[in-house]
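All chains should be built: construct the whole structure from the sequences, respecting the hints.
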Amino acid sequence: GDSVTQTEGQVTVSESKSLIINCTYSATSIAYPNLFWYVRYPGEGLQLLLKVITAGQKGSSRGFEATYNKETTSFHLQKASVQESDSAVYYCALRDTNAYKVIFGKGTHLHVLP
Amino acid sequence: NAGVIQTPRHKVTGKGQEATLWCEPISGHSAVFWYRQTIVQGLEFLTYFRNQAPIDDSGMPKERFSAQMPNQSHSTLKIQSTQPQDSAVYLCASSSDWGGAPDTQYFGPGTRLLVL
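Protein chains in written order, with my numbering: chain R, 1 to 114; chain X, 1 to 116.
Honestly, the hints are just simulated from the structure, not real lab data.
These numbers come from a predicted model, not from an experiment.
It is possible that part of the hints are untrue.
Claimed, not checked - To spell it out: a stretch of chain X is covered by chain R in this simulated footprint if at least three of its residues, at any positions, have a beta carbon under 8 Å from a beta carbon of chain R; those stretches are: (1) 9-20; (2) 46-60; (3) 105-116.
We put the beta carbon where it would ideally sit given N, CA and C, even for glycine.
The structure is reproduced here in structure tokens:
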């Protein structure tokens, strides 16, 4: 089936350190998956961080980057230097190009230590 | 633009009671989605409407849960005979069409339901 896997439920990183949040996907019934990262900051609603609709392309926003790798079926989220304000829950998600339904991973709670 | 509005933000019900959750999508958006979020299951898709018509309810529990969209400005999710395992945050999202294809989903703040 179609699914998104985030292996880490929680990640703790010190401020100014680099970050990788892992995401892999399975898209057995989706011909052209679109990939997303959503974020929920404390006290706020879920919001789109970045999206990539073409394999091989990279998306970026607020210093975060993610590359759509079709060979490894991965879409890891990276940041070179995290800030305390990046503490939030990050969700990887996928969707078919012409479909509305989005499939989410279980989320990764990022704690950035000052 | 007020974004997606969900009411109430918090709801406490007793076991066996009915709960109705409301969602007002962003004006002009053609699709409305309902999700349920729990610590154990994460974000689960429940159902969605496009142009007020129900399109996919594959995530809805077969019993006790129902969703409607009587007009383009609001949708409701109703849970009959609530059970403690229904306790969750229920999220509503809406999206527009972009060139005939679905655009980004915008989420509301959620309704936190607690069934005692």
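Here is what the structure says about each hint:
1. 9-20: violated (count 0)
2. 46-60: That given contact holds, which follows from 4 residues of the region 46-60 of chain X lying within Cβ reach (below 8 Å) of chain R.
3. 105-116: Coverage by chain R holds here, the residue count being 6 at a Cβ distance below 8 Å.
The structure shown violates just one earlier hint, number 1.
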